[in-house]
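J.: Top to bottom, those sequences are chains A and B.
Be aware that the first sequence starts at 611, since it is given in our numbering, and climbs by one per residue.
Be aware that the second sequence starts at 14, since it is given in our numbering, and climbs by one per residue.
For the record, the hints were derived by calculation from the structure and aren't laboratory data.
Yeah, the Cβ is synthetic: ideal placement off N, Cα and C, and Gly gets one too.
Some clues are possibly wrong.
Said to hold, decoys possible - The following label-pair restraints were derived from C-beta to C-beta distances: (1) F681(A) to G239(B): 54 to 62 Å; (2) T625(A) to W349(B): 38 to 46 Å; (3) A678(A) to G239(B): 53 to 61 Å; (4) V808(A) to Y38(B): 49 to 57 Å.
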Amino acid sequence: MTQTRGFASTLIGITCALGTALVSETTARQPGLLQSIDPRTCLLGLSALILAVTLAHKIAVVAAIFVAAIFLGLASHVAITTLALRVWLPVLLFTGVIASPALFITPGTPVLGTPFGTLHITSQGLWSATLLIVRVETAATLATLLVLTTPWMGILRALRFWRVPSEVVMMLAMTHRYIFLLAETASQMLESRESRTVGVLDQSTQRRVMGQTAGVLLGKSMELGNGVYLAMQSRGFRGDAPVLTDSHMRRRDYLMLTVFLASGAVAVWIGRA
Amino acid sequence: MHIPDGYLSPSTCAVMYTAAGAAWYASLNRVRRNFSARFVPLISVFAAFCFVIMMFNLPLPGGTTGHAVGVTIASIVLGPSGAILAASIALALQALFFGDGGITTLGANCFNIAVTGSLVAYAVYRVIAAGAPLKARRRIVAGAVAGYIAINVSALLTAVEFGIQPALFHNAEGAPLYAPYPLHIAIPAMMLGHLLVAGFAEAAITAALVAFVQSANPSLLLATSGLSTGNDELQGAKSKSLKQLWVTVALLMCLTPFGILAAGTAWGEWSANDLSSAPATSANANLEQTPSGLLRLSTVWTAPMPGYAPRFVKSAAFGYLLSAMFAVGLLMLCSWLAQRIFRQRHSVEISR
Chain A
611 MTQTRGFAST LIGITCALGT ALVSETTARQ PGLLQSIDPR TCLLGLSALI LAVTLAHKIA
671 VVAAIFVAAI FLGLASHVAI TTLALRVWLP VLLFTGVIAS PALFITPGTP VLGTPFGTLH
731 ITSQGLWSAT LLIVRVETAA TLATLLVLTT PWMGILRALR FWRVPSEVVM MLAMTHRYIF
791 LLAETASQML ESRESRTVGV LDQSTQRRVM GQTAGVLLGK SMELGNGVYL AMQSRGFRGD
851 APVLTDSHMR RRDYLMLTVF LASGAVAVWI GRA
Chain B
14 MHIPDGYLSP STCAVMYTAA GAAWYASLNR VRRNFSARFV PLISVFAAFC FVIMMFNLPL
74 PGGTTGHAVG VTIASIVLGP SGAILAASIA LALQALFFGD GGITTLGANC FNIAVTGSLV
134 AYAVYRVIAA GAPLKARRRI VAGAVAGYIA INVSALLTAV EFGIQPALFH NAEGAPLYAP
194 YPLHIAIPAM MLGHLLVAGF AEAAITAALV AFVQSANPSL LLATSGLSTG NDELQGAKSK
254 SLKQLWVTVA LLMCLTPFGI LAAGTAWGEW SANDLSSAPA TSANANLEQT PSGLLRLSTV
314 WTAPMPGYAP RFVKSAAFGY LLSAMFAVGL LMLCSWLAQR IFRQRHSVEI SR
């Protein structure tokens, strides 16, 4: 029995996605600073900070927000290793690879030569690449803090509060629910196919099997969609999903929202060109 | 192709949010009309399907693997409006729940992948598969080509958004503030991977899915096929019989002037004038005068075309022909109006 590359990498991908979702939901239920405030405050406040990061044109200002994000994470009991492995390292590798040629090809004042003759690092290239990496790291850290500390249902409630159409919020909620079901189904189909496979499958057979698995999944998805609709109809669905939870924001939530918005505004002001 | 936060300027993000927002609004309204309340679970499950499909790593020639986006098969099954919503929901979930793709760049990602991808895929698929039966091999080819082109157009759009950043947003020294590469670098860098890998992954998975659907449940392809029914033979037979009907109607209209060859008035269809002026026959032999009731009622309604000929037409044969054409046209109009009213009532009942 041989593991085929397409199957294995797909199974790993599905398992990783399910694991990531599980970690997010677990962390969101832990006590902590960001967990204790209203999801609306969290979503609006952290989004405002992300916007401030993209608006700021000074590396020091973006770096200051990055440090603040680390403190927010620590206060919310988000492990540094989680942030490092989930955000900082992948972003550094991805953005670093993208940004590194900019060191050399951005026209400007040479600051460091290389053994390759005319090729040299320019100050503008260095500044631009550093700003890009710091900015992307900071924004990704803030987005990950939002994901890790806010329950998914809280985010949906916040979207409803901000007048996002109820159908869109319902679709987000249902998609989230059925992702896990379909991912689990796909995983089981691939595992069972792999358990029946002896020897090495050639690439075209692998593609055919993956295509058939995807096709079965499509059929199951359509059946599921119809079944869910009938179930909704039988329960008296009228096109809206009322929310029963208390939607009042506390004084503390308003205070935190003010802090987030004010911090963002100050960062934009100081970090302007 | 998922642009993270920080690569695009806030003004670019705002423009892309506006463009994507217009597409979301139009798609939501269209899907509401076409599917009524059914669209909520249908789009949701399809969005979940797109999400899971993105995790499928497909082995590609050359030893590499690539993953599809699923936007092409969504366009083929749901149509462009449904696909725009399903792919956008999947992208929003990736950004908000899995932290993949930025929050400020969500509009750009949705516009590039969901909106542009869906529209391009749908257009290419419809053009190539035009008129092909549901189980035709041409539909598989159309799906594959549509997937390949859609992904590459999306990638090109993403590259253009990256490439305009240094020209539009830089500091006083000329250092780029966001994505640092101009168009002549961003476009080849972005397109190389998509032309050689990602495009083929989308093409392969779409072709495989269309082939599977053709064998397992071809009716799923019906909505965007451009065919009125999935049964091609039945459709052909219907089309043929309809053509025959029209030819027969036209022939009968041409033959209507022969009606004037018949002399006299049909028995029992006399008008008041016929009775008063006609010579005594076995039918009216006992009549001393025209009945008063008949005289009174004969003036209640005056036909616009008495005697099957408008007053301004001098030729009786041409008048007959004109009357036939007018009557057929009037009947078609009544039939069309009745059909329209019935369909409207039917759709209201379904939406309830």
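J.: If a hint holds in the structure, say so; if it does not, say that too.
T.: Outcome of the hint check:
Against the hinted window of 54 to 62 Å, the Cβ-Cβ separation of F681(A) and G239(B) comes to about 59 Å, which satisfies the hint. Our hint of 38 to 46 Å for T625(A) and W349(B) is violated, since their Cβ atoms are close to 58 Å apart. Between A678(A) and G239(B) the beta carbon distance is about 56 Å. The supplied range of 53 to 61 Å therefore holds. Evaluation of the 49 to 57 Å hint for V808(A) and Y38(B) yields a pass: the beta carbon distance comes to about 53 Å.
Hint violations for this structure: number 2 only, all remaining hints satisfied.
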